[in-house]
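Student: Residue strings, one per chain:
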Amino acid sequence: MTAVLPLDLAMAALLSWLGLGLLGFALGGYQTLACRAVFPLSTMGGLLLAAAGLWASTATPDVLQISGPFPVLPWSFRLDPLSGFFLILLGLLAAAVSVFATGYFRPLPAAALRRLFLQYQGFLLGMGLVLLADNAYTFLVAWEIMAIASYFLVVTEHEEEGSRRAGFLYLLIAHLGALAILLGFAVLAGVQILQGGSFAAMMQAQLSPFWASAAFLLTFFGFGAKAGLLPLHIWLPEAHPAAPAPVSALMSGAMLQTAFYGMLRVDFLFLPQAAEWWGPFVLLVGLASALFAVLFAAAQTDMKRLLAYSSMENMGLIMVAMGLALIFRAHGLNALAALALIAALYHALNHAFFKSLLFLGSGSVLHAAGTVAMDRLGGLIQRMPQTAFFMLVGVLAIAGLPPLNGFVSEWLLLQAFLLAPALPQSTLSAVLPLAASGVVLSAALAAYAMVKFYGISFLGQPRAHLPVHETGRWERSAMGLLAMACVALGLFPGVLIGLLDPVIREMVGQGLGQQGWLWLTPVSAQRASYSPVMFLFGIALALGVAFVLVWWRFGRPLRRAGVWACGFPLRTARMQDSPLGFVEPLLRIFRPVFQLRREALSTAAPRLGLQLGEPVTAYLYRPLAATAAWLSAQMVRLQQGRITVYLLYSFLTLLLLLALLR
Amino acid sequence: MLVSAHIAVWGTSLLKLLAAMLLLIGFAMLAQRRLLTLIHLLAWQGFVLALGTALVALLTGQTELWYSAALSLGLKALLIPAVLHRLLRRLKVRGDVEAVINIPTTLLLGIVLVIFAFSLAAPISALTGTITRGMVGIALAAVLLSFLMMITRRKAISQVVGFLAMDNGLFFAATSATLGMPMIVELGVALDALIGFVILGIFFFQMRETFDSMDLSHLERIREE
Numbered sequence: 001m002t003a004v005l006p007l008d009l010a011m012a013a014l015l016s017w018l019g020l021g022l023l024g025f026a027l028g029g030y031q032t033l034a035c036r037a038v039f040p041l042s043t044m045g046g047l048l049l050a051a052a053g054l055w056a057s058t059a060t061p062d063v064l065q066i067s068g069p070f071p072v073l074p075w076s077f078r079l080d081p082l083s084g085f086f087l088i089l090l091g092l093l094a095a096a097v098s099v100f101a102t103g104y105f106r107p108l109p110a111a112a113l114r115r116l117f118l119q120y121q122g123f124l125l126g127m128g129l130v131l132l133a134d135n136a137y138t139f140l141v142a143w144e145i146m147a148i149a150s151y152f153l154v155v156t157e158h159e160e161e162g163s164r165r166a167g168f169l170y171l172l173i174a175h176l177g178a179l180a181i182l183l184g185f186a187v188l189a190g191v192q193i194l195q196g197g198s199f200a201a202m203m204q205a206q207l208s209p210f211w212a213s214a215a216f217l218l219t220f221f222g223f224g225a226k227a228g229l230l231p232l233h234i235w236l237p238e239a240h241p242a243a244p245a246p247v248s249a250l251m252s253g254a255m256l257q258t259a260f261y262g263m264l265r266v267d268f269l270f271l272p273q274a275a276e277w278w279g280p281f282v283l284l285v286g287l288a289s290a291l292f293a294v295l296f297a298a299a300q301t302d303m304k305r306l307l308a309y310s311s312m313e314n315m316g317l318i319m320v321a322m323g324l325a326l327i328f329r330a331h332g333l334n335a336l337a338a339l340a341l342i343a344a345l346y347h348a349l350n351h352a353f354f355k356s357l358l359f360l361g362s363g364s365v366l367h368a369a370g371t372v373a374m375d376r377l378g379g380l381i382q383r384m385p386q387t388a389f390f391m392l393v394g395v396l397a398i399a400g401l402p403p404l405n406g407f408v409s410e411w412l413l414l415q416a417f418l419l420a421p422a423l424p425q426s427t428l429s430a431v432l433p434l435a436a437s438g439v440v441l442s443a444a445l446a447a448y449a450m451v452k453f454y455g456i457s458f459l460g461q462p463r464a465h466l467p468v469h470e471t472g473r474w475e476r477s478a479m480g481l482l483a484m485a486c487v488a489l490g491l492f493p494g495v496l497i498g499l500l501d502p503v504i505r506e507m508v509g510q511g512l513g514q515q516g517w518l519w520l521t522p523v524s525a526q527r528a529s530y531s532p533v534m535f536l537f538g539i540a541l542a543l544g545v546a547f548v549l550v551w552w553r554f555g556r557p558l559r560r561a562g563v564w565a566c567g568f569p570l571r572t573a574r575m576q577d578s579p580l581g582f583v584e585p586l587l588r589i590f591r592p593v594f595q596l597r598r599e600a601l602s603t604a605a606p607r608l609g610l611q612l613g614e615p616v617t618a619y620l621y622r623p624l625a626a627t628a629a630w631l632s633a634q635m636v637r638l639q640q641g642r643i644t645v646y647l648l649y650s651f652l653t654l655l656l657l658l659a660l661l662r
Numbered sequence: 001m002l003v004s005a006h007i008a009v010w011g012t013s014l015l016k017l018l019a020a021m022l023l024l025i026g027f028a029m030l031a032q033r034r035l036l037t038l039i040h041l042l043a044w045q046g047f048v049l050a051l052g053t054a055l056v057a058l059l060t061g062q063t064e065l066w067y068s069a070a071l072s073l074g075l076k077a078l079l080i081p082a083v084l085h086r087l088l089r090r091l092k093v094r095g096d097v098e099a100v101i102n103i104p105t106t107l108l109l110g111i112v113l114v115i116f117a118f119s120l121a122a123p124i125s126a127l128t129g130t131i132t133r134g135m136v137g138i139a140l141a142a143v144l145l146s147f148l149m150m151i152t153r154r155k156a157i158s159q160v161v162g163f164l165a166m167d168n169g170l171f172f173a174a175t176s177a178t179l180g181m182p183m184i185v186e187l188g189v190a191l192d193a194l195i196g197f198v199i200l201g202i203f204f205f206q207m208r209e210t211f212d213s214m215d216l217s218h219l220e221r222i223r224e225e
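Those protein sequence lines, which keep their order, are chains A and B.
Quick note: the first sequence uses UniProt numbering, first residue 1, plus one each step.
Quick note: the second sequence uses UniProt numbering, first residue 1, plus one each step.
By construction, these hints were calculated from the structure, which means they are not laboratory data.
Ideal Cβ positions, reconstructed from N, Cα and C, are used throughout, including at glycine.
Incorrect hints may appear among the rest.
As the list claims (entries may be wrong) - Not close to chain A: a few residues of chain B, all C-beta gaps over 12 angstroms, as computed:
1. 108
2. 116
3. 143
4. 194
Unchecked claim - Which chain A residues stay away from chain B? Per the calculated CB distances, all over 12 angstroms, these:
5. 51
6. 59
7. 111
8. 160
9. 200
10. 367
11. 438
12. 488
13. 562
14. 621
15. 629
16. 659
To be verified - Among chain A residues calculated to face chain B with C-beta under 10 angstroms, some are:
17. 631
18. 643
19. 644
20. 645
21. 647
22. 648
23. 650
24. 651
25. 654
26. 658
27. 661
Based on the provided sequences and hints, a complete structural model is requested.
Tutor: This is how it looks when you write it as structure tokens:
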């Protein structure tokens, strides 16, 4: 008997997901039983997958080939540390989300539930296969499984027109991206693409600088479409809110990261001879996406749309880190490239946890209150205190506050930026600090958006009379697990960085070395170090001392007095900040970006509505669509309806071809 | 089977004559206004084609070409014109063919096409060393003339005639340039022409039932606005 390898374990987990999808389809008639059987088992599958990924970071990569329906196109799989890291991400996220799904999907009618099981497990399976694929053929088939399964999940509520539109937009952009990826792989693999285009062959390919750049651009475009980078992001704020909450969590947390995984594999492993402009290009696109997205995130009034834009912002930050790594690597500074890559990978994992936590939380709000429109919410903290607490952890993490995990990755990214003066090229080292300030701006605006997100919906008074109740046990435990993961990643960054070491070594040939569990010193102890545990200890100590002092000085004897009502004798819910009112300064400052349109909703009561436009749609997609429509209208003129005219067309074509052939 | 030298010389001249006749019939079709005469011309063209094929068979001694000649005679000179004739009587189509462009202009265009065809065929003719040398241009011109006839006529039947005349020209090109296609290809092409003929026949009846006329201008309504 041969020994069990990490790859076998991962394949077993994926097969179990496939089996669970079929089981769910069969059991769908008994909703409670099906949900309680399939989703917890799916959690087990996720944990198994994460274990396989963890194991792979120390084991030697192994390969599996299965002959497919076409003899020249084998299914080919390989598990190396890079795949392993993303498998950990996918496995843990799938585990937590499946726990949530156990409770969340139970009220669905039987027919919808049956379909959902197949689509949900198929989606997980597709993402897993993408990460394990070792040739272009397997990769693209898995990529399409992932895209199609998620398309069906997006249109789960297909009775609604908006859902169908979002699904169509998503499918359209997904196919554009897949096409670009296919072309990119074809450039990378050359003739080998006819044998399935094995990744090993792509690693050995010797490309001329022009073709290398072509492959880079094609794959960046293709993966960027999935990652929601500017200007291909338009599907993202439509599709994420349309999907059910667990699906949004998976799409945002894991699916976007498969695009990042693809970029890493192509740019760092297949194209080691990077041109100098790739790094700045990636960085610029990432930064533009991040700033654009964070502005729009802040302006949204729908909880899930806000989170969708925030996902785009986080992908932008990850791209900034990757661009920085490309810049450092192009100049031979591999140690610094390793630091930037660690920041990117760390942020990817963080984002998977806190963003899925927030999406699941807004799903709970949707189930409890029936809406996620922030101008109807408010004061949820009193009705759903536990959800509110978990959401608070998520919000603090995403806002990048220490000692939670969001801070660690952003700190690492800024550390990498601060080392930019080491670059031999003076222009770049002068411009990079500007980019760093852009990153800081987007982080600050993200915090602002999150204050709005939490403050408007959970604090204050209810803006509408809604029958709100706390969510079920399954949902709360899933959120609790994710919140714990956020705290753990924030408190013990050294552990994860140690785990990332083999991944980084695989990509840039150099790591950061093992970190202690207490202090994080990416470069040297003299330069900068950070200890979240010490920080937490310090904060707790300061708070405790302050509390004791205040209590000791003012607390005794208890003073009772009338509450000062800020001069307002009467307070109503409408006197609170509205979701749009909160961002009014931002709307004013960045007015051209938002394309605001004011309109009076009714003349009887003075209510004004604000409409946000999407500038990319207005200035890029609309003109494109108009041009296409115009060209089509011109083509219609060819259709005369007279046979003699059609014959004339073929006659003239024949004459022309004959004349050309002479 | 050997052919004596002076028969070969006579034969080649005769073949050239037949080719010229094919082209001439093409022009006659282009100039003809009456449908009935058009069908007669088609029959004559089929006959000339059969004769030409038989002559090439005699000159080169390929037995397969004899079958081809017989087939041409049966199908193109007799059967199809007879069926068309019957069709014409059953559909009660009478009167003249209305041309889109007037006849003199059409004939001038035809001359331009013939010159074009010859200039195209010149390099091909220079390459071939067979006895049929120089015939490619004529055949190509016949094809183009038939195409022109299809374009310039309004009645559906004259388009079928044009289609069949094009087929004749193509066959002539094949026999003259390559001394006959393989039998299987020839049969395939003949079958194609026959099927096209059948489809168009059905189409005629449908059209008459719908519009009470064979004028193609009625079809202009069927298009996207």
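Student: Now look at each hint and say whether the structure bears it out.
Tutor: So, going through the hints one by one against the coordinates:
1. 108: With a cut-off of 12 angstroms, residue 108 (chain B) remains clear of chain A, as the shortest Cβ separation is near 16 angstroms.
2. 116: At about 7 angstroms from chain A, residue 116 (chain B) fails to clear the 12 angstroms cut-off, so the statement is violated.
3. 143: Residue 143 (chain B) not clear of chain A: closest Cβ-Cβ about 9 angstroms, inside 12 angstroms.
4. 194: Holds, because the least Cβ-Cβ distance between residue 194 (chain B) and chain A comes to about 21 angstroms, which exceeds 12 angstroms.
5. 51: Holds, since 60 angstroms exceeds 12 angstroms.
6. 59: 62 angstroms, holds
7. 111: At roughly 39 angstroms from the nearest Cβ of chain B, residue 111 (chain A) sits farther out than 12 angstroms, so the non-interface label holds.
8. 160: The claim holds: residue 160 (chain A) sits with its nearest Cβ about 31 angstroms from chain B, beyond 12 angstroms.
9. 200: Non-interface label on residue 200 (chain A) holds, nearest chain B Cβ at 48 angstroms vs cutoff 12 angstroms.
10. 367: Non-interface label stands for residue 367 (chain A): nearest chain B Cβ at 48 angstroms, farther than 12 angstroms.
11. 438: For residue 438 (chain A), whose nearest Cβ neighbour in chain B is about 51 angstroms away, the distance exceeds 12 angstroms, so it holds.
12. 488: At about 63 angstroms from chain B, residue 488 (chain A) clears the 12 angstroms cut-off, so the statement holds.
13. 562: The claim holds: residue 562 (chain A) sits with its nearest Cβ about 77 angstroms from chain B, beyond 12 angstroms.
14. 621: 26 angstroms, holds
15. 629: 15 angstroms, holds
16. 659: 8 angstroms, violated
17. 631: 16 angstroms, violated
18. 643: 5 angstroms, holds
19. 644: Interface hint status for residue 644 (chain A): holds (5 angstroms vs cutoff 10 angstroms).
20. 645: 8 angstroms, holds
21. 647: At 5 angstroms from the nearest chain B Cβ, residue 647 (chain A) passes the 10 angstroms test, so the hint holds.
22. 648: Holds. Min distance 5 angstroms.
23. 650: Check passed: Cβ of residue 650 (chain A) comes within 8 angstroms of chain B, closer than 10 angstroms.
24. 651: Because about 5 angstroms separates residue 651 (chain A) from the closest Cβ in chain B, which is inside the 10 angstroms limit, the hint holds.
25. 654: Since chain B brings a Cβ to about 7 angstroms from residue 654 (chain A), closer than 10 angstroms, the hint holds.
26. 658: 6 angstroms, holds
27. 661: 8 angstroms, holds
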